[in-house]
Amino acid sequence: MQKEIHRILSFIKAKGVDYADIRVQKLNTEQIITENETVQKLENENTKGYGIRVFLNGALGFASSQDFDCLEQVALQAIEIAEASALAQKDPLTLAEKPIVIDTYVTDYQIDPFTVSKKDKIDLLLAAEKEMKNNAELFKTMGFLRFSKEEKIFADTDGSYITQTIIESGGGIRASAADGQDMQVRSYPNSFRGNYATAGYEFVTELQLVENAPKIAQEAAALLTAEECPSGYYDLVIDGSQLYLQIHESVGHPIELDRVLGYEAGYAGTSFLNPEMMGEFKYGSKHVNIVADATIPRGLGTFGYDDEGVPAQCTPIITKGIFQGFLSSRDTAPIIGQQSNGTSRASSWGRIPIVRMTNINLQPGELTFEDLIGEIDDGLLLATNKSWSIDDKRLNFQFATEIAYEIKQGKLTGKIYKNPIYTGITPEFWNSCDGVGNKHLWVLYGTPNCGKGEPTQVAHVGHGCSPARFRNVKVGVADVK
Amino acid sequence: MLSKQKYYDIIDYIIEISPGFDTRVLIMAQAEGLTRYANSMIHQNVFEDLTTVSITVIDGEKKSEQSTTDYSEQGLKKAVTEAINNLEFLPSSGTQPLPVTEPALIEHDSFNKELEKSFGVKQRALELKTALNTLPEEYLAYGTYSYTEYNISYGSSQGVKRFARSNSVKFSILISDKTGGTSFITESAQEPQNIDFIKSFAQVFERAKLNNNQQQIEPGAYTVILEPAAVSDIVLYLAFAGFSAKSVQNKISFLTDKLNQQVFDKRITIEDDWQNPNTLAIPFDFEGYPRQRLELVTNGWAKQLAYDTLSAMKDNVPTTGHSINDVNSGGIPINLVMSGGEKPLDKLIAESDDAILVTRFHYMNIVNPRTAQLTGLTRDGLFQIKNGKIVAALHNMRFTQSIVEAFNNVVDISSDRKGVPKFLGNVYMPSMVIKDFHFTGKTN
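For the protein sequence lines, the chains are E and H, in the order given. Just so we're aligned, residue 1 is where the first sequence starts under my numbering, counting upward by one. Just so we're aligned, residue 1 is where the second sequence starts under my numbering, counting upward by one.
For the record, the hints were derived by calculation from the structure and aren't laboratory data. For clarity, every value in this text was computed on a predicted model and none was experimentally measured. Mixed in with the good hints there might be a few duds.
Unchecked claim - The following label-pair restraints were derived from C-beta to C-beta distances: (1) E/MET278 - H/ALA392: 22 to 28 Å; (2) E/GLU137 - H/GLY159: 42 to 48 Å; (3) E/GLU428 - H/LYS386: 28 to 34 Å; (4) E/MET278 - H/SER72: 18 to 24 Å; (5) E/ASP91 - H/ASP196: 57 to 63 Å; (6) H/THR298 - E/TYR19: 55 to 61 Å; (7) H/LYS314 - E/ASP120: 28 to 34 Å; (8) E/ASP91 - H/ALA221: 44 to 50 Å; (9) H/LYS4 - E/THR165: 52 to 58 Å; (10) H/GLY159 - E/GLN73: 34 to 40 Å; (11) E/ASP120 - H/THR179: 41 to 47 Å; (12) E/ASN449 - H/VAL317: 28 to 34 Å; (13) H/LYS314 - E/GLU137: 54 to 60 Å.
Glycine residues also receive a C-beta, built at the ideal position from the N, C-alpha and C atoms.
Can you build the whole structure from these sequences, using the hints too?
Okay, structure coming up:
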């Protein structure tokens with residue numbers, strides 16, 4: 001393959017392009033879903049193809065195919081598309097400099113998930129479902145496992161040649177309770193099919209799905225008879241199983257430089273941030289320290305090189321509450337006078353790389369869980385995301401969680417509420433943070449369903465966080481008349 | 001793209017190498033050229049050609065699935081072998097999805113050669129350049145302009161064959177002034193005479209000019225006029241979380257235990273109709289079953305639900321042919337058509353003393369599926385109507401609203417309707433006037 005890749009890059013270079021790269025990707029995934037103690041889905045997906053990106057006189061063209069017999073034809077098509085792009089081009093696109101790299105990267109894993117028998121995987125989910133059913137009267141139980149192995153090659157006309165193998169593993173369980181009027185859900189370790197990591201099967205073993213089944217089963221059943229969460233302004237402790245998505249929506253997306261520059265204005269939206277705010281804007285309180293770290297072990301946004309061949313990096317985003325910088329790519333970074341910080345990724349061989357989150361992590365603070373709730377007189381602990389929504393500039397957000405636990409006089413009372421929602425404005429919310437849980441409470445959550453771009457691309461990203469405390473947050477909407 | 005015969009050959013080969021099994025094959029192929037523009041210039045311009053072969057092998061009550069983009073004999077053999085091997089240790093699922101057997105053949109070819117000739121990458125770029133040149137410097141344009149061809153083929157060991165082929169042009173236009181006031185439209189069509197990018201561009205620009213000096217309103221209950229794009233956002237959510245039989249079986253639907261009851265205002269009628277010229281013309285679903293026309297809501301009464309085979313077996317009824325190849329979702333109606341009312345939108349606006357005009361919504365999500373409570377933001381044009389006229393542009397607002405309540409608070413429905421491109425095709429919606437619609441948050 002390497003010889004063929006060099007040949008096609010030489011072919012493209014001879015056509016007079018400024019720059020070209022090719023990505024070859026082979027992706028195998030395995031998915032198992034069980035429902036009410038039967039296997040609902042056992043599916044393997046295999047895809048292999050390539051995409052060729054060319055820059056010609058500052059204009060971009062990209063073409064892709066799964067047919068490896070027509071590499072030259074696809075290359076010529078990419079050039080033809082770049083020529084068409086130039087017809088409606090005001091300013092030439094400029095690519096930031098990057099090092100020429102010849103390297104190989106492989107996810108650090110212990111057990112290749114594809115060597116574990118499917119029977120063992122199914123048995124694990126069925127056992128977890130049985131444990132849920134044994135511990136509460138449930139309407140439905142479900143189990144999820146998903147594994148993938150991605151092998152990809154990046155090569156460009158500058159001379160880089162990078163091969164990467166990225167392994168992902170993960171899963172989760174869900175308990176649903178229902179009566180004639182209502183249906184309530186609890187999930188473990190997270191909603192939307194669980195938690196995922198760049199890791200081997202050992203990650204699934206560590207999740208302890210069976211051991212954690214009774215708690216969510218009992219909570220799902222208890223939520224049926226729980227009171228509706230009250231409306232008003234409350235002090236909140238937000239568990240990592242919700243806070244990860246708060247980070248994703250109200251920090252991860254607004255710091256994408258392509259959104260800031262308007263590249264997503266017609267679809268995903270823009271951002272309330274602008275380059276002049278770097279180093280100045282008070283995004284959050286002094287407790288808020290956030291980095292974009294593509295190097296952290298097990299992050300779902302962890303890799304060796306992005307899909308433009310730029311090395312993975314750890315970039316400060318918010319330091320002691322002050323906004324520091326954006327996620328960028330080779331075509332966006334020069335516009336603000338910077339180099340790419342290596343976050344340009346494509347969801348498949350058929351899509352172009354665009355700015356994507358890596359692992360956007362809230363760094364741990366110093367507080368224990370008891371410290372976090374200990375200074376709340378009348379508040380709530382919110383856990384596990386149920387729904388999300390945020391405006392196109394990423395300011396006004398509203399989240400629903402699966403459960404709220406009542407806090408009174410610094411202690412959990414044991415009372416739970418159903419259907420909690422909270423809402424706010426991004427900078428006000430992060431400035432209301434007056435404490436972050438310590439490193440022992442810190443969990444890295446994988447989000448395998450981040451949508452952006454046209455045609456739509458679904459990225460796998462990560463968010464590490466501990467529970468954190470926020471003051472005077474608007475809960476519920478029942479009081480809006 | 002491959003020929004119809006080549007797709008049939010792939011299906012026949014898979015059936016041949018899986019003797020003795022109930023084998024079903026779905027082939028989805030799409031070739032799309034998509035030009036994306038931002039800040040009034042092309043910034044991304046791409047082409048993708050993708051064919052995916054999905055193979056389901058069934059042995060009694062065991063089912064295993066494989067999908068592959070490698071449709072060489074070697075690639076198909078590997079996929080089929082793995083699918084068969086997986087059956088060995090699968091426990092019984094307790095159900096055997098019924099195969100489609102009739103009719104033996106459905107073919108539908110609505111490919112338009114004129115589109116292929118007229119909307120290549122160069123033509124799209126030139127037309128876009130012409131439109132961009134009409135824009136004053138203080139405005140910028142953003143969006144996409146694409147040409148897509150797609151084929152869907154299906155076949156099974158029961159001997160059935162299905163093939164549908166089509167193509168379409170789709171575009172989106174967002175025009176923004178430098179203060180951030182925006183306007184938006186998205187359209188999709190298959191007949192060249194129904195595609196006028198320049199004209200649509202000019203219409204969006206005219207509307208964008210109105211969206212400046214935005215005023216702030218406070219959260220509360222308002223009478224709203226929802227344009228077709230906003231109505232489509234809501235109805236599509238109802239389709240996934242309410243009109244699917246699986247969502248009722250899962251007790252998450254607002255229609256749980258409500259079938260054959262009045263759930264909405266009597267002026268609301270919603271159908272799923274693939275034969276409506278404004279929707280996606282695919283006569284069969286992803287399990288090969290003929291797609292039926294559904295009366296989802298008739299004069300406010302909940303009438304029918306959308307089924308795939310497994311959800312239909314659970315209710316002991318025939319499938320309605322609405323599989324989207326996702327067993328978790330069950331059957332989903334994707335060709336939604338809402339009936340119109342008596343007066344055009346212009347007249348509804350002219351008759352409104354005090355209302356808020358909503359162009360479309362953004363980032364909608366379900367807060368409580370049992371009450372169809374949704375939340376989301378307005379986007380690309382929110383206007384105050386006083387005494388029949390637009391008097392001010394407004395800052396975007398968040399709504400949190402039970403749609404069951406909203407669709408019982410109907411003031412009027414427009415006679416004119418529009419096709420709105422959505423994830424899996426087009427929907428065809430009127431505008432709606434709704435009272436006591438709850439805006440629960442501000443964006444500034």
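The hints, checked one at a time:
1. E/MET278 - H/ALA392: 22 to 28 Å: 35 Å, violated
2. E/GLU137 - H/GLY159: 42 to 48 Å: For H/GLY159 against E/GLU137, whose Cβ atoms are near 46 Å apart, the range 42 to 48 Å holds.
3. E/GLU428 - H/LYS386: 28 to 34 Å: 32 Å, holds
4. E/MET278 - H/SER72: 18 to 24 Å: 51 Å, violated
5. E/ASP91 - H/ASP196: 57 to 63 Å: 28 Å, violated
6. H/THR298 - E/TYR19: 55 to 61 Å: Between H/THR298 and E/TYR19, where Cβ atoms are some 59 Å apart, the hint holds.
7. H/LYS314 - E/ASP120: 28 to 34 Å: Given about 29 Å between the Cβ atoms, the range holds.
8. E/ASP91 - H/ALA221: 44 to 50 Å: 47 Å, holds
9. H/LYS4 - E/THR165: 52 to 58 Å: Once the Cβ atoms are compared, 38 Å apart, the range 52 to 58 Å for E/THR165 and H/LYS4 is violated.
10. H/GLY159 - E/GLN73: 34 to 40 Å: Distance hint for H/GLY159, E/GLN73 holds at roughly 37 Å.
11. E/ASP120 - H/THR179: 41 to 47 Å: 60 Å, violated
12. E/ASN449 - H/VAL317: 28 to 34 Å: Holds, since E/ASN449 and H/VAL317 (Cβ atoms, about 32 Å apart) stay within the stated range.
13. H/LYS314 - E/GLU137: 54 to 60 Å: Check failed, 20 Å falls outside 54 to 60 Å.
Violated hints for the displayed structure, listed by number in ascending order: 1, 4, 5, 9, 11, 13.
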